Amino acid sequence: MAMTGASFSGLAVGVDSRIRLSSILGQTVKSQCSANCPPGSRKIPGKSLAPCCYACVPCSHGEISNRTDMENCYKCEDNEWPNQEKTLCIEKQIEFLSYADDPLTLISIISSVILFIIAAVILGIFISFRDTPVVRANNHTLSFLLLVSIKLSFLSVFLFLGRPVDITCMLRQTSFGITFSIAVSCVLAKTLMVSIAFKATKPGSPWRKWVGVKLANGLVFNLSLIQFLISVIWLVIAPPYVEHNTHSEPRKIIIQCNEGSVVAFYIVLSYMGLLASVSFIVAFLARSLPDSFNEAKYITFSMLLFCSVWITMIPACLSTKGKYMVAVEIFAIISSSCGLLFCIFLPKCYIILFKQEMNSKQYLLGKCNT
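If you count by our numbering, then the sequence shown holds residues 40 to 409, one letter each, in order.
Mixed in with the good hints there might be a few duds.
As a list, the in silico DSS-like pairs of lysine-lysine whose alpha-carbon atoms are at most 30 Å apart [what the hints assert, rightly or not]:
(1) Lys360 <-> Lys131
(2) Lys131 <-> Lys253
(3) Lys114 <-> Lys131
(4) Lys82 <-> Lys131
(5) Lys360 <-> Lys253
(6) Lys336 <-> Lys394
(7) Lys394 <-> Lys291
(8) Lys82 <-> Lys114
(9) Lys253 <-> Lys114
(10) Lys114 <-> Lys336
Everything labelled a hint here was simulated from the structure, so no lab data went into it.
Computed from a prediction, not measured in an experiment: that's the story for all the values here.
Let the hints inform the model, and build the full structure from the sequences given.
So, in structure tokens, the structure goes:
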């Protein structure tokens, strides 16, 4: 920069006094009018500044700069995220329901194992007392099948835990869909048999030809087969698969199962909901039957709980992400299975173990006559 004017007593017009003093003192004159932009930022031209001046702005989300006075920031890879200073890209945190040090996983494992054991004990009690009136009152074969399907639903929780892979993604939704359809089909068949059995007690009733295990077993088989076919079509056309979600949360990679076909997933849920709704309606209508046929009362409450859980699960899943969405689905599976297990079978276990005088034909006939 040139210096004009030579008078020490005053400054010529347009001469910078700081330049004159710097020259006098023997210092180097600097023409920089802006501070250096540190790493983690970039420089942009200042609108209200001289052309040679600039301003510093921080790098945008997901970008870094690792040198001074960089004009551009660089975007991190999809599996990386800037550190706090935005000077270095670091690996994103991987998120899923891990078996290691995750309280949600621990709670799920403990709950499912304990409930599986309880269901196994109840099944053992029913097998041991299979010839008693309480067990045989309403198709003990369906009761055994219902207990087995409930046990399998508790075990299906483990398909939702750990790092997802393609096979577990395909099995987790279809397995719980099929096992729950078997369970709810058993409940529906038991409820219908309660109503038919009561109507068949009237003299000359045409319903007598429908009493028996063939109708109930055929109903369970066909209703479960529909869900099985839906699941097979789903797996053939658009099977679920593992997805690395890098966009839902900026600092995390969520390893999750993509359903493949959202339509198929909701068809599976809708079919279960249809079975549960029909079971609830039939059980509700049959709730006022005589005491010897009062299983409908417990089925009504279990179906009400079942429907309530799955209705609330849908908005809960839509409002959560990552492992918390999986935890919501696990909670729905466990709680709805508990509703079936405890509402339907605990009253009978209480009679079998502690009220043995009620577990007799004489008692049931007496209740029916009154």
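Going through the hints against the structure:
A threshold of 30 Å between alpha carbons decides the hint, and for Lys360 with Lys131 the separation of about 16 Å falls inside it, so the pair holds. Proposed proximity of Lys131 and Lys253 is contradicted: the alpha carbons are some 58 Å apart, above 30 Å. Taking the CA atoms of Lys114 and Lys131, the gap is near 14 Å; set against the 30 Å cutoff, the hint holds. Distance restraint check for Lys82 and Lys131: the Cα-Cα separation of roughly 27 Å lies within the 30 Å cut-off, and the hinted pair is therefore satisfied.
Distance check on the hinted pair: Lys360 and Lys253 sit about 45 Å apart at the alpha-carbon level, beyond 30 Å; violated. Under the criterion of a C-alpha separation no larger than 30 Å, the hint pairing Lys336 with Lys394 is consistent with the structure, at around 19 Å. For the hint pairing Lys394 with Lys291, the CA-to-CA distance comes to about 56 Å; that exceeds 30 Å, so the pair is violated. Simply put, Lys82 and Lys114 have alpha-carbon atoms about 16 Å apart, close enough for the 30 Å limit, and the pair holds.
Distance check on the hinted pair: Lys253 and Lys114 sit about 66 Å apart at the alpha-carbon level, beyond 30 Å; violated. Taken as a hint, the Lys114 and Lys336 pair is broken in the structure, with Cα atoms around 62 Å apart against an allowance of 30 Å.
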